[in-house]
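Number of protein chains: 4
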Amino acid sequence: MQPEDTPELRQLYADFKTQHLNPLWTQLGDLMPRHPKPKAVAHVWKWADLYPLAKTSGELVPVGRGGERRAIGLANPGLGGEAYISPTLWCAIQYLGPKETAPEHRHSQNAFRFVVEGEGVWTVVNGDPVRMSRGDFLLTPGWNFHGHHNETDQPMAWIDGLDIPFSFQNDVGFFEFGSDRVTDYATPNYSRGERLWCHPGLRPLSQLENTVSSPIGAYRWEYTDAALTQQLLLEEEGYPATVEQGHAAIRYVNPTTGGDVMPTIRAEFHRLRAGCETPTRREVGSTVFQVFEGRGAVVMNGVTQKVEKGDIFVIPSWVAWSLQAETQFDLFRFSDAPIIERLQFQRTLIETA
Amino acid sequence: MQPEDTPELRQLYADFKTQHLNPLWTQLGDLMPRHPKPKAVAHVWKWADLYPLAKTSGELVPVGRGGERRAIGLANPGLGGEAYISPTLWCAIQYLGPKETAPEHRHSQNAFRFVVEGEGVWTVVNGDPVRMSRGDFLLTPGWNFHGHHNETDQPMAWIDGLDIPFSFQNDVGFFEFGSDRVTDYATPNYSRGERLWCHPGLRPLSQLENTVSSPIGAYRWEYTDAALTQQLLLEEEGYPATVEQGHAAIRYVNPTTGGDVMPTIRAEFHRLRAGCETPTRREVGSTVFQVFEGRGAVVMNGVTQKVEKGDIFVIPSWVAWSLQAETQFDLFRFSDAPIIERLQFQRTLIETA
Amino acid sequence: MQPEDTPELRQLYADFKTQHLNPLWTQLGDLMPRHPKPKAVAHVWKWADLYPLAKTSGELVPVGRGGERRAIGLANPGLGGEAYISPTLWCAIQYLGPKETAPEHRHSQNAFRFVVEGEGVWTVVNGDPVRMSRGDFLLTPGWNFHGHHNETDQPMAWIDGLDIPFSFQNDVGFFEFGSDRVTDYATPNYSRGERLWCHPGLRPLSQLENTVSSPIGAYRWEYTDAALTQQLLLEEEGYPATVEQGHAAIRYVNPTTGGDVMPTIRAEFHRLRAGCETPTRREVGSTVFQVFEGRGAVVMNGVTQKVEKGDIFVIPSWVAWSLQAETQFDLFRFSDAPIIERLQFQRTLIETA
Amino acid sequence: MQPEDTPELRQLYADFKTQHLNPLWTQLGDLMPRHPKPKAVAHVWKWADLYPLAKTSGELVPVGRGGERRAIGLANPGLGGEAYISPTLWCAIQYLGPKETAPEHRHSQNAFRFVVEGEGVWTVVNGDPVRMSRGDFLLTPGWNFHGHHNETDQPMAWIDGLDIPFSFQNDVGFFEFGSDRVTDYATPNYSRGERLWCHPGLRPLSQLENTVSSPIGAYRWEYTDAALTQQLLLEEEGYPATVEQGHAAIRYVNPTTGGDVMPTIRAEFHRLRAGCETPTRREVGSTVFQVFEGRGAVVMNGVTQKVEKGDIFVIPSWVAWSLQAETQFDLFRFSDAPIIERLQFQRTLIETA
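Residue numbers (UniProt numbering), protein chains in the order written: chain A, 1 to 353; chain B, 1 to 353; chain C, 1 to 353; chain D, 1 to 353.
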């Protein structure tokens, strides 16, 4: 349905170029497809590949001012080598050697960490030291100073999630260096934020203004595990509690609003009973899972891939996906759903058998 | 500034009566005073007076269908004998004898219970049995079926708080009888609502719709105590955590929104260090305190009254008040603040020395 | 189901009185009825009765500091002579003689005026003179200074609506005297608020903070009439536009939020085609209508009453009502719906034939 | 601050590539700059260049199914030739010849049109024909079917604004073809949406649910002009009304919420008095202006460029800008501010002299 190729048309197109113009009619189907056709592809990274490379980085690459973090981004194979796991999200494995310190800085980009194994690092967020241990989900919302230090003789690795691609693409990011060391080397079991806020249904009377991001710095594994355990027990007892039969899940939320922990990133934890298979879903927006424990498979665009502890996979927008649990199957999940929902682009399709 | 008293004026006023009219100019100062001038008065009820009368009621008054509850309302001396502790709020001591059951019903009125001592009763809310123990704050939001049963050989008493006066005055209440017995005589330690919701910062993925009232049926003393303890510890360590020096406090909230537990009633718990005195405040709206533990005094309109465990006092709108702690001083508080704030009538005056 | 009448019970009840207590079981059915049983009754006031009495008041009663307003409240026959048209609402006819000024004051109570006939008065709200003319709906939200002056040689009457009963009952009101005269005797056709805000879908960039009440001081008849006319035309053309067949209606709203004009009062205008009958409704909360033009009837609790221009009727909570239009039938309506809805007590029952 | 270049490091970097990894430390400053450093550049397109090319397109390029629209996108010189005026926004000149029809389709992308000159086209949005005339701002929110037809013997051109780049980048778009012709060739002066909604402060009672986007299809020039005129008059009379001295402005809003017209696009109209200069601002997010009338200049990053009727310029994120009015200077503006604000990335810096 393109116009006839004539000298006049060629001249017109040349004039367009000169004048910094570009017609819609030559590219409509690509720019505005029938449904999302992401450049990003579904992909699995194996922990068995990631961790050794992180360890080697620990030997070869110093951590300090300038580079700031020994973080290795997962680069979606469809995105031209950029360190973007999806168009909106960054996911990296970060590695901190014995006694090392990652210096303090702050940025508009929202960040979290999730710990698939290990302990011994404290992240200091706005001066509040936060212990990092296996299963914990830890927040560094935009513009909070933060640095990390490893108190032990063992290295520690974890994953970072941020909205770096979104911020970069849309030119919203600010960055500021802070102290070259962390401002408080104390190693308390619980951060001050947790001590103020981690009492279910209780709000400090001194903290009545809602905050854009959650004031909870650490969502501890003990609570997550207990919540999932209770959902499966309630299901067994015959009460509604799970998302689907055999599929327990919680969303990490901001206690001042009940909504997502940060304006751009949603985080959840899912537990499937052995044998459970979820229905096939398509959703607008991109999502990342890391297997925390157990064995199973993810099916993306009809391709089944086995995954186990530490493995990370990304599901781009509108890719059909489902999970299959071989054993009890625990997965951490994060996504750009707050971006999608706040801008009213959400859509979900659940395929029936 | 009233018009001259003439036969014509008398005729006019008589005609007003006949036509169901009533002029503003004869009553302006009463109807629209310079500041709130409540009919309700500041008053203290002593637990030492209340409990024995509740006990006697237990002997003389059966509990069952029709009367529904062995609840004795605290009647503000300024409100003409009505069982209203303030124009908006109802506060009663409820008493349930050994092995007794209070039958199920539901009503638009929002209700809670607070337990100053004792244990052994379960309240069954929409079929979910909720243990009642000392220090617990328990919810029965509007239109939830509920009944209570005492599993023990000991009586148990607690206080009920409701918005009965508000609902009655404004004609908003519906009422429905339910089962003559409770629908589930199980006696679990934790209700299903707690098991789903009492994990700090974690929201069940199966429960993403916000609810008008909190889905938490019981706010346990262990959490309240821990939250207050942490606030005072943080204060000692030099961090902002308390409302005022020596004054820790939490608000009970709806985890789906971070806001008040019910649309008409706010509930809080306050702890003062021994020796702490709060500044004198005036607030729009009425509030009720019950001493949970410790000794101290309340000053209302300049009058100081000693209060101790179980004592209940009401502070009507715009009455000047402060608290003084002799020992560590723990107080449960509830008020009509959600009514006042949702309708934008809030005002506070803190008097400086 | 009451306890046996014994000397011990009588002693108990006497002790209750002494201790300012009042049991629930003797009064449950009254306090918590199966559905709202308002003391207020359905009632019609005829303009033909109201206006002459207002006129006589104009002759006998001065207007000025102290009495403040020559306003005659409609006293619901069920409410013991109080000048309350319902438990929450005040409705009065106000009368201002030629060249008279009603002095300035302000109060927490929210107020509006609606003009069923006449012109020539300006109400000055926070210094902004607002013309009052037939069909206009005019706002004086809480705590705005306001006074009125009549520029003409003719008296003028209109109705006032306020939340005085609610404010009085719940002790939320403050009052302050202002200037003995109005602060600006200018008589512009349009107030400054209208000039800033009355452009559909356009918001001044200098006014981006939402306000609790509408910043529009006057909702002009020309717009109301045009909106209703368009709804009926669209209905004729076959498009959805009316509430029900033959029944056009608009709600006056706060342009900063799209919600009600004030936190406690909803206001609407309804137009029925000749012959239209609305279904019978019951609603929680009280509502008042004034006929603006045309003839018809209101049916309340099964009783049909003819009403015409200027007549005012009140429908208490849960009273069954419907309207019948003999001619084209225009009615102004106000209610306490924002109170009911913000506190989550709303319920509606539409009876099917 | 990069690690020493050794064979081991090269091997590590090669392994990263193989495993689809990309380290942060080699690119931190680019990915997370101190402040936004957009690839997009400040640029001006002259109407005198745009219109003739649109006209030639009208001669050489048919409009119809497939290409869908004769729209020529303004391609930011910094964005590699893509038809993106900024990373989030699309801006095109669309041209429709005499008697032509652009067929119906719908897409998730939000769209508007603004008419700098001409008339005679109707855009049919979900079956509602909307007249397009000079100065009108017209909405096609996401997923509404729409097509256009030109009723006259004259061509007509206007600008389109959409969130195509944002939708494409984040994989959120769906697209569906509709009728090859428009569904209603009627040419009413006012659309049904306007007839229902364009009455200031009045909301149809049949439309009480808030909508994600504005239900107003056309914001007419007559209202915009009147609103700006009133602001400047009020300023002259000494009342607050303008954004800054000599600078009137309105935001187009959704009357159901008072907020932006669409979830991703903000639209405003600005009028400067002759001689007015705005302060220099930096803002997060990208914005586009089109001069509607008058002459003046825009200063971007310190470079002053004269602009006049029809000229379009883009200000990328955090670029310093100000406006200077030679004559009375009227400008239409749109931006991605709702994206920025809903995701909490907003920041503004106003430079003082």
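Derived from the structure by calculation, the hints contain no laboratory data.
Among the hints, a few may not be true.
The following label-pair restraints were derived from C-beta to C-beta distances [to be verified]: (1) A:V303 x B:R134: 53 to 59 Å; (2) A:G275 x D:K37: 29 to 35 Å; (3) C:W221 x A:E176: 56 to 62 Å; (4) B:G238 x D:K17: 46 to 52 Å; (5) C:P279 x A:I350: 51 to 57 Å.
Note that the Cβ used here is the ideal one computed from N, Cα and C, for glycine as well.
CB of C:W221 to CB of A:E176, is that within 56 to 62 Å?
Since the Cβ atoms of C:W221 and A:E176 sit about 58 Å apart, the hinted range of 56 to 62 Å holds.
Measuring from beta carbon to beta carbon, are B:G238 and D:K17 in 46 to 52 Å?
holds, 50 Å
C-beta pair A:V303, B:R134: status relative to the range 53 to 59 Å that was hinted
Cβ of A:V303 to Cβ of B:R134: about 58 Å, so the range 53 to 59 Å holds.
With 29 to 35 Å as the target window, see if A:G275 and D:K37 comply at their CB atoms.
For A:G275 and D:K37 the Cβ distance comes to about 51 Å; the hint is violated.
With 51 to 57 Å as the target window, see if C:P279 and A:I350 comply at their CB atoms.
The hinted range 51 to 57 Å is violated for C:P279 and A:I350, with Cβ atoms some 39 Å apart.
This entry does not satisfy hints 2 and 5, going by the numbered hints stated previously.
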